[in-house]
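Top line first, the protein sequences correspond to chains A and B. Sequence positions in the first sequence follow numbering that gives the first Met the number 0 and run 0 to 895. Sequence positions in the second sequence follow numbering that gives the first Met the number 0 and run 0 to 113.
A portion of the hints provided could be inaccurate.
In silico DSS-like pairs for lysine-lysine, Cα to Cα no more than 25 angstroms straight-line [said to hold, decoys possible]:
1. A:K333 x A:K167
2. B:K77 x A:K42
3. B:K77 x A:K14
4. A:K351 x A:K167
5. A:K333 x A:K619
6. B:K83 x A:K14
7. B:K18 x B:K87
8. A:K619 x A:K693
9. A:K539 x A:K634
10. A:K554 x A:K539
11. A:K554 x A:K176
12. A:K395 x A:K96
13. B:K75 x A:K42
14. B:K87 x A:K14
What the hints contain is simulated information worked out from the structure, not anything from laboratory work. None of the values given here were measured: they were computed from a predicted structure.
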Amino acid sequence: MSTRREFRLRAFAAKVRGFLRGHKRDGEFDDEIQEHLQLLAEKFIAQGMSREEAAAAARRQFGNVTLLQEDRRALQRFLFFEALWQDLRFSLRIILKSPGFTATAVLTLALGIGANTTIFSWIHSVLLNPLPGAGDAHRVVELESLAPSGEWVPTSYLDFRDFRDHLKLVESMSVAKPMALAVGNDVHVERVWGETVSGNFFDVLHVQPEIGRFFSGVERDDAQNAHPVAVISHSFWHSHYNESASAIGAILRVNRTPYSVIGVAPKQFHGSMAGLSFDLWVPATMYGQLTATGTWMLEDRKARMFRVLARLAPGVTLEQARSELASLAGFMAKADADTNEGMSATLLPVWKSHNGIQGSLLAPLTILFGASGVVLLIVCANIANLLLVRAADRRKEFSIRVALGASPMRLVRQLSTEVLMLAVLGSVAGLLIADWLGGSLRWLLPLTEAPRLQSGGLDSGVLLFTAALAVAIAALASIGPALHATRDNVNETLKEGGRSGTSSTQSNRLRSLLVTSEVALAVTSLLGAGLFVKSFYRVKSIHPGFDPNQVAVAKFNLSAANFDAQQADAFCRHLRERLERQPGVTAVTYADYVPLSLGEGSWEDLQVERYVPGPSENMKIYRNLVAPGYFTLMKIPLIEGRDFTMQDDDPHPPVMIVTREFVRRFIPRGGVLNRKVHGWGQWFTIVGVVEDSKIHRLTENTRPYFYVPIRQIYRPEMGLAFYVRTAGSVSEAMQSIRRESQAVDAMVPASEVMSLNEWIAGSLFGQRIAASLLSVLAAIAFVLASIGLYGVVAYTVAQRTQEFGIRLSLGAQPRDVLGLIVRQGLAFALAGTAVGAGLTLLLGRALGNFLVNMSAADPLIFTATAVFVIVLALAAASIPARRAMRIDPIVALRYE
Amino acid sequence: MKSKKSEVLQGTLDLMILKTLHALGPLHGFGIARRIEQVSRDVLQLNEGTVYTSLLRLQQQGWIAAEWGTSENNRKAKFYSITKRGEKQLQVEAENWERISDVIGRVLKLEAER
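Produce the entire structure from the sequences given, and follow the hints as far as they go.
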């Protein structure tokens, strides 16, 4: 009748009942036992035994009462959980009982976990979860065009239409171009970052509107400037419409044109670029209207300006779609040879995209993640060390528990519970640190004005990572001490009696190993940081070829004001005149591009008179569009010919100034002036030659470069940057730029106003992050390793007090004792430094790519690090050593 | 020392208790121990405490019920009695036991005949 399952079920139910009831029933049971024993004893007395004999015999016949109670408990309780609860309570008591140990351990853990969690949260929001709010985000990829030179370039609208209409392995496709938009009327205008997108943008990303609708029907066609409709972000809806439903249908003035709001994107959705958040989405077909460029920008295959997002068709792999795209692009390169010759295209996972911040953050984040991993290992070693020291102190406790019948597993469990508890405390503290550093991702980016950064914060992914980290630390750190505790021989430990004596050689060896690896890891991170710092200063000291001191720059987004070419020119001339009148200002000029900007500049396909390019020679030459006075202000020497003048404008024949490298490559035999160069469909005359300077980055090799007058080529969709050289303070100059530009036209706010030096520092931001954050991590690593070293040496001293007492009483000098201890500390430091240096040399090849003008085996850095480590080790060891020197032999021998 | 006694086989104690309660009606733990001692005629060695573990197990399965009452010498004692479900279980177990002991008996005989 009673199946096995039923039996188990009832037993389980009984346990649940027992668990719910708690300890109540045991009293009754005790009565029952007492009664039984008494009856037995009475029976024996009746058989003629004495009272004592009878009581003893009764107990014998009844059996072990304690065991019986255990058995009953097993039937009535969940012993596993009870043990766990017991472990937890005991751990808590132990933890509270030694606040010094606990504080050290928790702080150490908090540092390690805080650093790791922060860096992971960056990686999470930039690389792992680049499209929050999008459905099936892993099926979304970026389409990037490939120039003949092998450079990644954006895609033109016509190319996009061909890709969209002909690719079969791609389910849907949308363009997306970030744009700074001027929202509001002439009285109150604000800058809002938006994306111009295809009508099906939200379908590609699988996003549903919070309220209202997304683009639909005719809004999705390719008719230009016909659909002034906009979708707003949740945060824009919140800040501008108080989350009211009446936002739908409201009119929003964008770049001086009314748009009607048709929908609100959901809260989690921030647009299509990792880590950045946008507030407005408008159809890409409105591009011409937004930028006052008419319709040609979307009708010219050479106007490559769009990012393209694609969703792979179900079941299609990236590889398959890639090869279909490559063959289509190959076909287009032939069919549209005049514009697309040699061009190709490919698909990339979003995190590998070259358009967002991920491109520039991938390398620094990888390095940082590695370095924070090193810190974590040091943390583990430190915790293990602390535990070992304590385990030695707690040997008696453990032995007694083993003697009383605790299984070794139980001891290990107890230890792991303690460590886990510390790890949990450390994680909480670490998470507080990480939360406090929440918006810290922005430290990683240069000072340029970009869309608001969207820091992922401590979402479930990050929390899961931290939890895993805590468990991993607990496991790693408790292995050593646990093995140690279980291997201990009960008899030996108890026989040692009251003497704390010397701990086993085995645990000493383990401790030495741990502290040596700690030092080695710290040395590795210190060397790494040192190399990066030195490399950073090397790069910083490279002369850019112009004088960035005393210069303020500011960028303007003219398209937001919907200017045509004449209006733009008027704006520039007015602003220049006003700025020139400011006190202290010695020169003012403007250009399309600021050298050493993060984004690559623009190039033009050139043809140089009487120069025959090689069959595969790249004639796409980078250029800048500059106003007269640019070279004087930048202090770029004019080698021959003349500067541009205000007469070099639209009605006059086009002119050009080239660099020394340009001449060396294309006109090596002299006769530079008056030579003709073809670009933008017309012939330019070379009127001057200037010295080479750095264009994109300080570390680049010299490349040919050329300048043309901004007044001859200027188009509003291009950039505009004003330069002001001042004899006074640069920040004053920056203020006057802001003030004067407002006075000229309130619709054209200045952005990214900063000194040219700051601008250049921005171009070094990759190196700067690597150098500064690695230094921070190395410092943490070093503090931890020093604590570890100090701890081990101090513990040894405490253990050997008796021995030192004997030595001293037998005639050893205090400095002999000092030497003994310092030698020990030094041995750790030397061994650690040797291993760490070796490790760094092994890693050197990987680091080499990030280092500029130096090798990873830099003798100066290595020597400095070694000296530093040794000095620090001496310092760490000398504190306990001094204590040992002062040992009074009499006291020491009486010790315990 | 007395002559060697056999240890009670695990699980058989439950059966013995059920049978005892079935045969004699409500009994307290001491009474059950006495009865088993008496029936086994000193062949079985019993840690009397284990009777209580067995009683708890049987109670948990709902095969016996417990009630406080007064013992022969007017002391408070817990009396155990077999339930309906216990009767059924006893029948099943008893048959089971007989079948197994029969098989084992035959097997042992086989060994002896060789």
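25 angstroms limit on alpha-carbon distance, applied to hinted pair K554 of chain A and K176 of chain A:
holds (19 angstroms)
Just to be careful, I want the Cα atoms of K77 of chain B and K14 of chain A compared with a cutoff of 25 angstroms; is the pair within it?
holds (22 angstroms)
Hinted pair, alpha-carbon criterion (25 angstroms max): K77 of chain B, K42 of chain A. Please report holds or violated.
Given that 25 angstroms is the threshold and the Cα spacing comes to 19 angstroms, the pair holds.
Taking only the CA atoms, is the gap from K395 of chain A to K96 of chain A under or equal to 25 angstroms?
holds (17 angstroms)
Pair hint K554 of chain A and K539 of chain A, alpha-carbon separation not exceeding 25 angstroms:
holds (23 angstroms)
With a cut-off of 25 angstroms on the C-alpha distance, tell me whether K87 of chain B and K14 of chain A pass.
Holds, at about 24 angstroms.
25 angstroms Cα cutoff - pair K75 of chain B, K42 of chain A:
Distance ~18 angstroms between K75 of chain B and K42 of chain A Cα, so the pair holds.
Between K333 of chain A and K619 of chain A, does the CA-CA distance stay at or below 25 angstroms?
holds (19 angstroms)
K539 of chain A and K634 of chain A: Cα distance at most 25 angstroms?
holds (19 angstroms)
Distance restraint between K18 of chain B and K87 of chain B, which requires alpha-carbon spacing of 25 angstroms or less:
holds (11 angstroms)
Does K83 of chain B pair with K14 of chain A here, judged by a C-alpha cut-off of 25 angstroms?
holds (23 angstroms)
CA of K619 of chain A to CA of K693 of chain A, is that 25 angstroms or under?
holds (17 angstroms)
Of the numbered hints listed earlier, not one is contradicted by the structure.
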